Structure formats: structure tokens, C-alpha cells
Amino acid sequence: MRVPFRFVMPALLALAACGSDGKGTVRVTAYGESFIEEGIPAEEVVDGWAVTFSRFEVAVRDVVVAGARVSVPDAIELTTPSSGEGHELGTVLVPAGEYREAGFTVARVEVEGMAEKGDEAKAFSWVLDAPTHYAECDTTTVVPDGGTATFQITVHADHLFYDSLVAEEPELRFQTLADADTDEDGEITEAELAVTDIGAYDPGSEGGIDTLWEWLVAQSRTLGHVDGEGHCRTSAED
Amino acid sequence: MYGRSTALAISVALLSACGRPEEAPRVELPVVVDASGVTTVTTDLGYTVELVEARMVIRDLVFSVAGEVHATGLWSTIADFLLPTAVAHPGHFQGGEVTGELRGRFLLDFVPGNGDVELGTATLLVGAYESVNFVFERAEDGDGLDADDPLLGHTALLRGHASKDENSIAFTAVIDSPEGRELTGAPFSLEVTEASRQRLGIRFLTEDPFEGDTVFDGIDFGALDADGDGELTLDPAPTEPSLRDAMNRFRRTFQTHDHFDVRVFE
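Same order as they appear, the protein sequences are chains U and X. Using numbering that gives the first Met the number 0, the letters of the first sequence correspond one by one to residues 0 to 237. Using numbering that gives the first Met the number 0, the letters of the second sequence correspond one by one to residues 0 to 265.
Please keep in mind that the hints were generated in silico from the structure rather than gathered at the bench. There's no promise every hint is true.
[Stated by the list, open to error] Examples of chain U residues lying across from chain X (beta carbon under 10 angstroms, computed):
1. A166
2. E167
3. G198
4. G203
5. E205
6. G207
7. D209
8. E213
[As the list claims (entries may be wrong)] FRET-style restraints, in silico, Cβ to Cβ:
9. X:E27 with U:D137: 32 to 40 angstroms
10. X:A65 with U:V45: 50 to 58 angstroms
11. X:D43 with U:E236: 28 to 36 angstroms
12. U:D144 with X:G179: 54 to 62 angstroms
[Stated by the list, open to error] On the chain X side, residues computed to face chain U include the following (Cβ under 10 angstroms):
13. T39
14. R180
15. T238
16. R251
Because the structure is a prediction, the values reported are computed rather than measured. Even for Gly, the Cβ is constructed at its ideal location relative to N, Cα and C.
Construct all of the structure, not just a fragment, from the sequences and the given hints.
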């Protein structure tokens, strides 16, 4: 039996509407990429230092994706290998559809590690307590009806070692930080960084950043990205 | 240098031809070099500093309004493409949208009493302006300099005297900004309407009018003049540690929006 087209079309539209009423899952992950899980190789750093992290704990809160708040743990350790998948923070069930305007807050970053160059080695253990809200993130999360979408908070550890806060393509450097170990005990401490000038680093037009500790805190506010390289609008929460 | 301006004009013309009501009114205002910001200052270390020469090369002045551009439809799309969003810098302006421009390379000569040299005519959409951005450049042959001009290859050249107690030191400072280094958020406060006819004066400010700090703060001219001959040269990349530290600090301060603004001549 042939069904007239005028009856088929409304039926198709009705099915489409049913589909848009369905639900899907958003899975939120955090990923430190190879730079955190494996380290930053010397060839990436212009002055030849290689950096490895033994701990890279990120405290995340206020995650909102697809208009829904996602319950996440207080902190996530990102040095644990994840085979490129990142670490799941939580899931939420939302209506199927395409979503933008995701946001989250990185409340604190705790990093421990070692930088090495030839016979030199410098340890560091820093708590970067600079709550930063990331909003209007540049990504689209497509939630399929009955399926799962992933929203990844990507943490770019290499930003800690950028030599500019404003350059389009900053260089990675460690020597300036290594030189801050003024007591030469092999550990670069917050106290040492707090009394060391940033030297040739460029803090940008606003200025107001004169010490290396202030520099690291400022750079820590730039670590958060989404789905790899997606950027967000950032604002300080402290 | 006319690429984006021309594109903007063509886009506006196309919109106009289509009879779209969204076209934003715009005006053209002359931009001049204004030396009134180069004043004798006293630094945090007690030096009285007077400049006799202050020249620099920049490009692409762009002007930002507060808040968002409320254009719609096709105009909004074109404006987004042509006029990128400005970077917000709390303390000087709270974000905004670039809706004015004067493109090109410019040699700024801030010699007091040298007259107001006109750089060109800026095109601005009407709106409440808050700030100006530009890019630091390095002087090239085409910038109208003599072949032996010490500014060639560099961003800025400042020459003057720093005096403290009974001692005076003649100094020359040559600054190299990183390639493509943009200065954002310099103050420019003006409600631009279709009736606006003001001149705009770009200024280098030896003293920050908001906080009172000077561009020479932290520079101990006397200590840096190690040989005590009363002359000091700050090169872009000195090897001597104390000079290097001084240049790093000086360049950092020079490149902040605290030391530039645009004055409006009514």
C-alpha cells in the first residue's frame, strides 16, 4: 500500500521531535596529556631542561556542562597514566542536543616534580592557590539520544614554563626558575621564587607581576582548556 | 596597510546597498602625536629625570568601546570578522569590543615643543570608547629615519638626564619589544557620536597619572654608572647583570598601559 506523502511528512516530523525529547549522558573527564603523564621533554624547552611531574593534583569545582551541574571529586591526580583518555570526574544525564557555554573552576593546582639538564637537577613542590573560573569555553558538546558525550577539561602543564603571558607563541624555559634556587640546595621553593625578579619574562600590558612566584600563579590561571585546545574566558575567583 | 580598513569600508557599503538598517554610524577623527605626557619626573629612588628625546615605532592603533557591540545580523558577522574582541584588563578598562582603527606603521616622536604631528585619520563607529591598543614595532628603513639613526632595528629610544643630589647622569636607553608585542588597554575615554569632530592625541606618559609611578622607577642610575663618568647606556640586551636587570625592569614598565593614553582635543 502506498502511503500519501502528506501523511508521511508529519509522521517523520513527529519522530524527529520524539528524538529531541530523548536524553543522553555527558561524561566529564580531566586530562593532563603526555606533558603531565610522561613529562616535558628537553627538546620542547628552549634552554634544554626536561621536566617530569610526580604529582599534579588539580582541584576542580563548579563544573557546568549542557546546562547541568556535574558532581565531581574535590581533586584529581593527573600524573596517573590514562592511555590518552583522561580521568573521569563525573557524569550527568541531560536532554539530547548540542551544547555550548560550558564552564568550570580550577580552585587549586598542586605540582611536584623534577627538572633535569645534564648533571643538574632541580626539584619543586608548589601549591598554586589561585581559583580561576573558566567560562564560555570554545567547544560544542553533542549529546546523542541514548548515548554518551565526553567533555574533557584539558590541563596544559607546559604553560607554567612559558616566558610570556601575552605572546602568541611563547617559549618554554626553565633556566630562570632553576636560577631562583639561590641556596643551591636543589629545590626551588616558593620563598625563593617570591624574591626573584621575573627578568626578561613579559607579563603583558597590565604589569603588576614582578616575582617568579607571582608569575607561576598567573600562569596557573591559564592551564585550563577544553577538549584539547579549546579556550575559555577566564576570571579570577579570589 | 589599507587592507582591513578597505574591507571594512566595502562591507559597510555593501550593507548600505542592501538597505540594511543595522549599519553603525561612523566618524573619522585625526590622530596626532601629543608630547604633553613627557614631563620631568621624580622616581621612587629620588632621581629627577628629564627626557630630551623619546621616539618609538608602533603600528595599528585600534580603539575599543565598553561592553559589547550590539550590532545584529550580517553586520554583526562582518564586524566580528573585521574587528576582533579586545582583551580585558581590569584597572584600566573592563573589556570591550574593537570598533575603531588607524592601521599602519607610525614613528612617534615625543619631543616636547615639536608640535603635534598628524599620524592619520582613524575610523570609529559611534560608541563610548574606553581604551586603545597598538603593537610595538622595530624601526625599519621605510620609517623615514636616517641610515645612521640609532633607532633603526629597535622599538624605542629614550635619551635624557637623571639627577640626584649634586650628580647628573646622561643616559640613553634603547628598547626592543618582542615581535608582535601588543599594548592593550591604554586609556581613551570619549563618547563618539556622529557629530564628533575632536582630534585624538596619542601620548607617552613618563608618569602614570593614576598611581604616580614613573617609567624610570627602580632604576638606580648612579649605581649603574659603574665607571662614574656621568654617562649611562642601557642597551636592549646588556650582558652585565645589573644593567640586564635594569633593562628588563625598564622594558617591562615601558610596555605597560600605565604609560600611554589617548588625549582628546575638544
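Verification of the supplied hints:
For A166 of chain U, the suggested interface contact is upheld, since its CB lies about 6 angstroms from the closest CB of chain X, less than 10 angstroms. Nearest Cβ of chain X to the Cβ of E167 of chain U: about 6 angstroms, under the 10 angstroms cut. The hint holds. Among the interface hints, the one on G198 of chain U holds; its C-beta lies about 5 angstroms from the nearest C-beta in chain X, closer than the 10 angstroms criterion. Because the smallest distance between the Cβ of G203 of chain U and any Cβ of chain X comes to about 8 angstroms, under 10 angstroms, the interface hint for this residue holds.
Because the smallest distance between the Cβ of E205 of chain U and any Cβ of chain X comes to about 5 angstroms, under 10 angstroms, the interface hint for this residue holds. Checking G207 of chain U against chain X by beta carbon gives a least distance of about 8 angstroms; that is within 10 angstroms, so the hint holds. Proximity of D209 of chain U to chain X holds as hinted, the smallest CB-CB distance being about 8 angstroms (cut-off 10 angstroms). The beta carbon of E213 of chain U comes no nearer than 12 angstroms to any beta carbon in chain X, farther than 10 angstroms, and the hint placing it at the interface is violated.
Distance hint check: the CB atoms of E27 of chain X and D137 of chain U are about 35 angstroms apart, consistent with the given range 32 to 40 angstroms. In this structure the supplied range 50 to 58 angstroms is violated for A65 of chain X paired with V45 of chain U, their Cβ-Cβ distance being about 39 angstroms. In this structure, D43 of chain X and E236 of chain U meet the distance hint of 28 to 36 angstroms, their C-beta atoms being roughly 32 angstroms apart. At about 46 angstroms, the beta-carbon gap between D144 of chain U and G179 of chain X misses the expected band of 54 to 62 angstroms.
Evaluation of the T39 of chain X hint against chain U yields a violated restraint, the C-beta minimum of about 23 angstroms exceeding 10 angstroms. The criterion of a C-beta within 10 angstroms of any C-beta in chain U is met by R180 of chain X, whose closest approach is roughly 7 angstroms, and the hint holds. Given the 10 angstroms rule on beta carbons, the hint for T238 of chain X is violated: about 13 angstroms separates it from the nearest Cβ of chain U. The criterion of a C-beta within 10 angstroms of any C-beta in chain U is met by R251 of chain X, whose closest approach is roughly 7 angstroms, and the hint holds.
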